[in-house]
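K.L.:
Residue numbers (this note's numbering), protein chains in the order written: chain A, 1 to 351; chain B, 1 to 166.
No lab work stands behind these hints, which were simulated from the structure alone.
Treat the hints loosely; a few may be bogus.
[As the list claims (entries may be wrong)] The following residues of chain A were derived to be distant from chain B, with all beta-carbon distances above 10 Å:
#1 S52
#2 G75
#3 E261
[Stated by the list, open to error] Listed next, the in silico DSS-like pairs over lysine-lysine satisfying Cα-Cα at most 25 Å (straight line):
#4 K160/B x K314/A
#5 K35/B x K6/B
#6 K268/A x K35/B
#7 K293/A x K160/B
#8 K151/B x K251/A
#9 K341/A x K28/A
#10 K268/A x K120/B
#11 K341/A x K148/A
#12 K251/A x K120/B
C-beta atoms are modelled at their ideal positions from N, C-alpha and C, and glycine is treated no differently.
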Amino acid sequence: MNEIEELSGLSFRISIIGFGAVGQGLAKVLLSKRETLQRMGIDIRVVAIADSVSLLKGSEGIDLEKALQAKEVSGRVGEEIDTGDGAREVLESVEHDLMVEATPTDIRSGEPALTHILRALASGKHVVTSNKGPFIHNHATLIETARKNDLMLRYEATVGGAMPIINLIQENLAGNTIERIEGVLNGTCNYILTRMADERLDYQHALLEAQELGIAEADPSYDVMGIDSASKLVILANTAYENDATFDDVKITGITEITPEALELAEKNGYTIRLIGEATRDRLVVAPKLVSKRHPLAIRGTLNIATIHTDLSKTITVSGAGAGSIETASAILSDIIHIYKRHEIKKGGGD
Amino acid sequence: MDIELKDTPGQLLLALQPISEMGGNIQSVVHCHDKRTPRGTVPIHVVFEVAKEGLMEIIRRIKANGVIVARVDERRLHEQTFVMLIGHIVHTDISETIDAVDSTGHSEIVDLTLSMPDVKRVSSAFMVIAADSEDSLALALNVLRATAEDKGLLVIEPIKDDAIWM
Ligand SMILES: NC(=O)c1ccc[n+]([C@@H]2O[C@H](COP(=O)([O-])OP(=O)(O)OC[C@H]3O[C@@H](n4cnc5c(N)ncnc54)[C@H](OP(=O)(O)O)[C@@H]3O)[C@@H](O)[C@H]2O)c1
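Input sequences plus hints: build the corresponding full structure.
P.N.:
Put into structure tokens, the structure is as follows:
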């Protein structure tokens, strides 16, 4: 609290840990939205950026254009660090208000993000992240740690990229009882199924095409086996039901056994097949499901979509780009702005 | 439904018309020409599907047409869902899979479409399952899931909304 009071009159200082697609996307978005943010009276300054091998600090605010250029040219954003732990160094040596965690996802250990986030919360930083890893086995711990420290931890970007769903559940649908959530949570699978149905491609060909277009990874198993969808489903369920479900609670079937003939047969009957994640309070399932071709969940291409069934609002459906550097950064920016505004209110009216 | 017709032309129409008038869907008509009831009428077995509300009116109209309604065997299979199977459905003996569902006694597979590309590739089936109650349907699905798992078949079920739509 003291620290927050001292900050009065200063800009909102953030660190970015992880400077890949998402971290760089955020830098680009902050640059392109500089004027919009100024007009909103929001002064966000990036005071530290770390990637896996280097660290860039600038207490007056880093020149993001230069940082992006440096990363592009040398693969490093700043000075090499011997500790190999940029996040720790940032937390120990750079004064700031909020950490953006955008390192790679590890669904087993949640690391390095889990440690980064817990440390940030322990040292008085709000956290915004796009990283699913830490939430899959430690949701309750993370939420509790933030609450105990009177800090905010927001993670809209972890599920569905730009598609607003976490904050929709937590804020807009507050007071509703959520009965069921179901959605298409993985754009890669959805692209493959769409192409298989449209062109009668078999799974291998559709996958190959997706890889050529950069939609699927070289090792696609994380997506096509349903692991990514299951991770997101855990986060949605824990958010909606305030549970502490983990990845192991999800019954998972991927899309690798779907055939073009099956899709054709489904289509003849007015249906298509989509990889659907479904969460109720006591059941988490990811599996290919039959969806009426007219149903919103029969969404096409790489888009994500989710339907939330509630007691008061009834059925709410959202859809949007499930991934992408700028799209994901947009969700992070929105979380940052939300925290910024709350932070301003806490300071006493924002002036 | 078992009905009895006089052995004169036009009788069958009198029996079947009320069913279609009430929006019923006739599935089969078994006509045993060589059989006679003690009354000298021809027994006919008609299977049709109609919304619950329509049944009494159909019976009334058939009777009004002078046709004897001997027996109405109501199987209220008004709960329906559908699933797809993918795998070596034929190799693993599809009739066994169907029997497993039918053997629950309260449900049956009322429609089945198969797609078999060629012997080496997996086939798929789209099946409609009907049951007399939600519980029977759930039971039938469990039986189907278990049978499919034993046979290494992938079951694809509809999302919840779609099952309600049917
Ligand atoms: N890309 C998307 O569309 C998307 C959408 C939603 C969520 N996400 C999630 O967002 C996170 C970031 O994704 P991304 O696509 O940006 O991944 P990425 O391109 O692989 O970038 C990861 C970044 O983290 C850095 N890093 C790795 N270990 C680190 C450590 N110990 N300390 C500091 N930095 C470290 C990497 O450093 P180097 O540059 O030195 O390798 C790299 O800059 C992931 O958790 C991902 O699942 C991504």
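K.L.:
May I ask which of the numbered hints given earlier this structure violates, with the numbers listed in increasing order?
P.N.:
Going through the list in order, the structure violates hints 3, 6 and 12 and respects the others.
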